Amino acid sequence: MSATAAPVNLTAKDFATDQEVRWCPGCGDYSILAQVQKVMPTLGIPKENFAIISGIGCSSRFPYYMNTFGMHSIHGRATAIASGLKAARPDLSVWIVSGDGDSMSIGGNHTIHLLRRNFDVNFLVFNNQIYGLTKGQYSPTSEEHKITKSTPYGSIDHPFNPLALAMGADGTFIARSMDRDPKHLQETLTRAAKHKGTSFVEIYQNCNIFNDGTFEIFTEKATKLDEGLYLEQDKPLIFGANKNKGIRLNGLQPEVVELGNDFSADDLWIHDEHDFYKAQILVRMFDDPHKTGTHFPRPFGVFYETSRPCYEDEMALQIEEVITSKGKGDLDKLLRGREVWEIA
Amino acid sequence: MTRTEQTLQDVVIKFAGDSGDGMQLTGQQFTNNTALLGIDLATFPDFPAEIRAPIGTLPGVSGFQLHFSSNKVYTPGDIADVLVAMNAAALKVNLKSIKPGGKIIVNIDGFDAKNLRLANYPEGVNPLEDGSLDNFEVIKIDVTRLTREALKDFTDLGTKERDRAKNMFVLGFIYWMYDRTLDTTIAFLKEKFGKKESILQSNIKVLQAGYNYGDTTETFTTRYKVEKAKLPAGTYRSIMGNQALAYGLIAASQKSGLPLFLGSYPITPASDILHELSKHKAFGVKTFQAEDEIAAISSSIGASYGGALGVTTTSGPGMALKTEAMGLAVMLEIPLVIVDIQRGGPSTGLPTKTEQSDLMQAYYGRNGECPMPIIASATPSDCFDVAYEACRIAVQHMTPVILLSDGYIANGAEPWRFPKSADLKPIEVKFAAAQQNTDSKFQPYLRDEKLVRPWAIPGTAGLEHRIGGLEKQDITGNVSYDPDNHQHMVKTRQEKVDKIADYIPLQQLDSGAETGDLLVIGWGSTYGAIKSAVLELQQQGYSVSHAHLRYVRPFPKNLGNIIKNFKQVLVPEINNGQLIKILRDQFLVDAKGYNKIMGIPITKTELITEIKRILQQK
Numbered sequence: 015m016s017a018t019a020a021p022v023n024l025t026a027k028d029f030a031t032d033q034e035v036r037w038c039p040g041c042g043d044y045s046i047l048a049q050v051q052k053v054m055p056t057l058g059i060p061k062e063n064f065a066i067i068s069g070i071g072c073s074s075r076f077p078y079y080m081n082t083f084g085m086h087s088i089h090g091r092a093t094a095i096a097s098g099l100k101a102a103r104p105d106l107s108v109w110i111v112s113g114d115g116d117s118m119s120i121g122g123n124h125t126i127h128l129l130r131r132n133f134d135v136n137f138l139v140f141n142n143q144i145y146g147l148t149k150g151q152y153s154p155t156s157e158e159h160k161i162t163k164s165t166p167y168g169s170i171d172h173p174f175n176p177l178a179l180a181m182g183a184d185g186t187f188i189a190r191s192m193d194r195d196p197k198h199l200q201e202t203l204t205r206a207a208k209h210k211g212t213s214f215v216e217i218y219q220n221c222n223i224f225n226d227g228t229f230e231i232f233t234e235k236a237t238k239l240d241e242g243l244y245l246e247q248d249k250p251l252i253f254g255a256n257k258n259k260g261i262r263l264n265g266l267q268p269e270v271v272e273l274g275n276d277f278s279a280d281d282l283w284i285h286d287e288h289d290f291y292k293a294q295i296l297v298r299m300f301d302d303p304h305k306t307g308t309h310f311p312r313p314f315g316v317f318y319e320t321s322r323p324c325y326e327d328e329m330a331l332q333i334e335e336v337i338t339s340k341g342k343g344d345l346d347k348l349l350r351g352r353e354v355w356e357i358a
Numbered sequence: 004m005t006r007t008e009q010t011l012q013d014v015v016i017k018f019a020g021d022s023g024d025g026m027q028l029t030g031q032q033f034t035n036n037t038a039l040l041g042i043d044l045a046t047f048p049d050f051p052a053e054i055r056a057p058i059g060t061l062p063g064v065s066g067f068q069l070h071f072s073s074n075k076v077y078t079p080g081d082i083a084d085v086l087v088a089m090n091a092a093a094l095k096v097n098l099k100s101i102k103p104g105g106k107i108i109v110n111i112d113g114f115d116a117k118n119l120r121l122a123n124y125p126e127g128v129n130p131l132e133d134g135s136l137d138n139f140e141v142i143k144i145d146v147t148r149l150t151r152e153a154l155k156d157f158t159d160l161g162t163k164e165r166d167r168a169k170n171m172f173v174l175g176f177i178y179w180m181y182d183r184t185l186d187t188t189i190a191f192l193k194e195k196f197g198k199k200e201s202i203l204q205s206n207i208k209v210l211q212a213g214y215n216y217g218d219t220t221e222t223f224t225t226r227y228k229v230e231k232a233k234l235p236a237g238t239y240r241s242i243m244g245n246q247a248l249a250y251g252l253i254a255a256s257q258k259s260g261l262p263l264f265l266g267s268y269p270i271t272p273a274s275d276i277l278h279e280l281s282k283h284k285a286f287g288v289k290t291f292q293a294e295d296e297i298a299a300i301s302s303s304i305g306a307s308y309g310g311a312l313g314v315t316t317t318s319g320p321g322m323a324l325k326t327e328a329m330g331l332a333v334m335l336e337i338p339l340v341i342v343d344i345q346r347g348g349p350s351t352g353l354p355t356k357t358e359q360s361d362l363m364q365a366y367y368g369r370n371g372e373c374p375m376p377i378i379a380s381a382t383p384s385d386c387f388d389v390a391y392e393a394c395r396i397a398v399q400h401m402t403p404v405i406l407l408s409d410g411y412i413a414n415g416a417e418p419w420r421f422p423k424s425a426d427l428k429p430i431e432v433k434f435a436a437a438q439q440n441t442d443s444k445f446q447p448y449l450r451d452e453k454l455v456r457p458w459a460i461p462g463t464a465g466l467e468h469r470i471g472g473l474e475k476q477d478i479t480g481n482v483s484y485d486p487d488n489h490q491h492m493v494k495t496r497q498e499k500v501d502k503i504a505d506y507i508p509l510q511q512l513d514s515g516a517e518t519g520d521l522l523v524i525g526w527g528s529t530y531g532a533i534k535s536a537v538l539e540l541q542q543q544g545y546s547v548s549h550a551h552l553r554y555v556r557p558f559p560k561n562l563g564n565i566i567k568n569f570k571q572v573l574v575p576e577i578n579n580g581q582l583i584k585i586l587r588d589q590f591l592v593d594a595k596g597y598n599k600i601m602g603i604p605i606t607k608t609e610l611i612t613e614i615k616r617i618l619q620q621k
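Protein sequence lines correspond, in order, to chains A and B. Residue 181 in the working numbering sits at position 167 of the first sequence, and the numbers go up by one each step. Residue 507 in the working numbering sits at position 504 of the second sequence, and the numbers go up by one each step.
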């Protein structure tokens, strides 16, 4: 980090502002805000070196509540603004806060280009599968046949799978967490912050006004252990209330298996977040959790992490190389050009 | 055989051929050669939007017009003294823009049955044979055959490769005709083809063959010479508009100490600025080819927010896409330069043709009350000064600035008495300083006497604050829905832009008396045509003056008073009347428009006719 990175003893409090938080009571955003405020002081970065850029939507109010540098910009463009900021100021810790509409719909184009360029920024996508700020229309991540204000007969759009999209755009850090699991969210955010490159974190966030309970199946005691799968590096993919189920790979096909007579933990898929091909399969475990019969649980955690040069570093390097080989630019030489003539 | 040499004051020559004939390169080579002799000049490249329209057809014709003179030159010329036509289509397209009695140099190979048919000449009609060119002096050269002949020993080159050197034959011949030497082009060829020996040698050979053809063929008895122009003393170079604009941005970066960041998406005719700036990394310039126009401006806003000199470059359709982000920059009150190289519109319109298309868009084209300063360049070299000034206004007044240029200036060239770095006035910039005492909260929208707020960049301790597109409370910058505050902020943002008038020069008359019958007001690329028309009319005794606006928003403070001193006002524009609407609105003046919307510049001749018509009307 920057030269001013003296060790400072910061606490979550230092990151709160005097602005009244105006999300609806009970909104999942409160938890995400609290976890970010807890994680940031642990990173060893001076407070003034954080810049949080958001777009438009409920989630994008985020910067107002963070006592860092912040910009609440325009719909879908936080990613592009953050790209320019990071290119100009590689020394800053840049965070993007966005929602499913902001990042997948109006800003979809910038999302994929940010990922392929791999700017070293943290990209938090609060996914509540609904448009909250505009009061309840379906979003690009809403499930099919969803009844909303704009789809009284049910939506006919096929939804995005955000992690598969991020994988397709060659993201270098791909993770999923949720508002209702503070510890998991803190761990995931810490990992994201430490990753060098664009860290894409999808955060399941409950909109208790327009889409209440949409992720309940992953958070309620009765169902969460059977429907969620918590990824841990080098550990087998085991889930279920009694840790009685697992995922094994049959060739390229993942399968849900019962542990016991036929299969043991040794037969299971061992999670390796550096395995590009396994990650492709893992992000595709996207079954409808309400489906009856055998289906895949929804994975949470870090799906994939790899290292690739960051755009801002390559950009700075190119400048350095040119200056090394040609010398620093001389304005008078530039203006004069190669061919001149004198008029007396 | 006796040869005579005739001295001319003024020549307009147009090179025209198929897009693949290399006419732009031929024109540029002749331009450089001319410029280095100290002859004044102006150029006008005119090419199709398609990279290669079908060969031999009318839409495929590419032209390059050059006006050179021992007098001061203001335009590329209304009408050509000499036309080089590489094929029938090139002749047909340009026939109406040659002076009666002018010379037409044709490549007769381009007038075979196939080429005549492609140029839509009726069956059996050949303009070289039917007497239709009797009013011109036609010089027929079988360029293709002579080129092949010259290259008969270059056995390693195919016919296609040999024929590609045709333009060098023409160029060599023109060099002979105007009594030039070949060295500038030979040097150019060496640089371009240095590693491809036989291509290099073949091009030089054909260039010399063209020259020798003029020298040895007895049909040509006269060579022409144009003397050095009497320009102000100094060192000159040749410069094109987009290049000058890029240099202006680099100079502003150097003289302000702010690193230059360009976020851009390729679009005709603005892409050359991106190309140019991307070459100059030695100045620390960061160029970012974004995924679209919106990302281009958004990334520049991000860079500016971080303390860089943020610039984005585009043309009309891209301007439209950037609109919302411009509004954000106005709300954030941060510096940004938006360069619009205008072209024919609406929609995709005429990408390679010129038009003063976007003044209304620049002035009014955003949601809400969203004032932004606008500044316009008048000539290719003026782009340097205007780019420098746009950066100055942006960083000193904490505002996005729109710079309007157009395709005609962007691609046109002229001699430039370039400045010395030391003579450029430094651009002073101050970032808000760190605050150690955290009890006093930083006020991001506290304004100075110019109504300008501090530029507080991330990484500065104690200045943590939030900005955004929602309405701000003045001083604190907190989100505010208070009705009185909104009215206050709308008025304040307007006043901030209006106040820039206190920090720009007063409007000068370009020529003419301070009172009179007619004031011609122009902006942008009509400069040369208006200037030369008005000067000529003044010599004929007409009471006419010329004011040319660099600052379009806000106007210089004295513009209203200047206007009041004239009985009539004429506003020529290459659009359907845009500046005129603003002038009428602000000064309640009954100005008249002269509007040409053909994708080509206004000519001196038509303007003289129009001004005389107006003055005789009363």
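Think of the hints as simulated: they come from the structure by calculation, not from any bench. Please note that the accuracy of each hint is not assured.
In silico DSSO-like cross-links for lysine-lysine, where the CA-CA straight-line distance does not exceed 27 Å [unchecked claim]:
1) A:Lys347 with B:Lys423
2) B:Lys195 with A:Lys340
3) A:Lys340 with B:Lys444
4) A:Lys210 with A:Lys340
5) B:Lys444 with A:Lys347
6) B:Lys284 with A:Lys61
7) B:Lys284 with A:Lys342
Bear in mind that the values here come from a model prediction, so they are computed numbers and not experimental data.
Hinted pair Lys284 of chain B and Lys342 of chain A, Cα distance within 27 Å | Holds - the C-alpha atoms of Lys342 of chain A and Lys284 of chain B are around 9 Å apart, at most 27 Å.
Below or equal to 27 Å on CA atoms is what counts here, so check Lys210 of chain A against Lys340 of chain A.
-> Answer violated: Lys210 of chain A to Lys340 of chain A is near 30 Å, above 27 Å.
Could you grab the alpha-carbon distance between Lys284 of chain B and Lys61 of chain A and see if it respects the 27 Å cut-off?
-> violated, 32 Å
Is the Cα-Cα distance between Lys340 of chain A and Lys444 of chain B 27 Å or less?
-> Violated, because 46 Å separates the two Cα atoms, which is more than 27 Å.
Would you check the hint for Lys347 of chain A and Lys423 of chain B, treating anything up to 27 Å between C-alpha atoms as holding?
-> holds, 9 Å
Do the alpha carbons of Lys444 of chain B and Lys347 of chain A lie within 27 Å of each other, as the hint requires?
-> Given pair Lys444 of chain B, Lys347 of chain A is violated - Cα atoms ~46 Å apart, limit 27 Å.
For the pair we were handed, Lys195 of chain B and Lys340 of chain A, check the Cα-Cα distance against 27 Å.
-> Within the cut-off at roughly 20 Å; holds.
Going through the hint list in order, the structure does not satisfy hints 3, 4, 5, 6.
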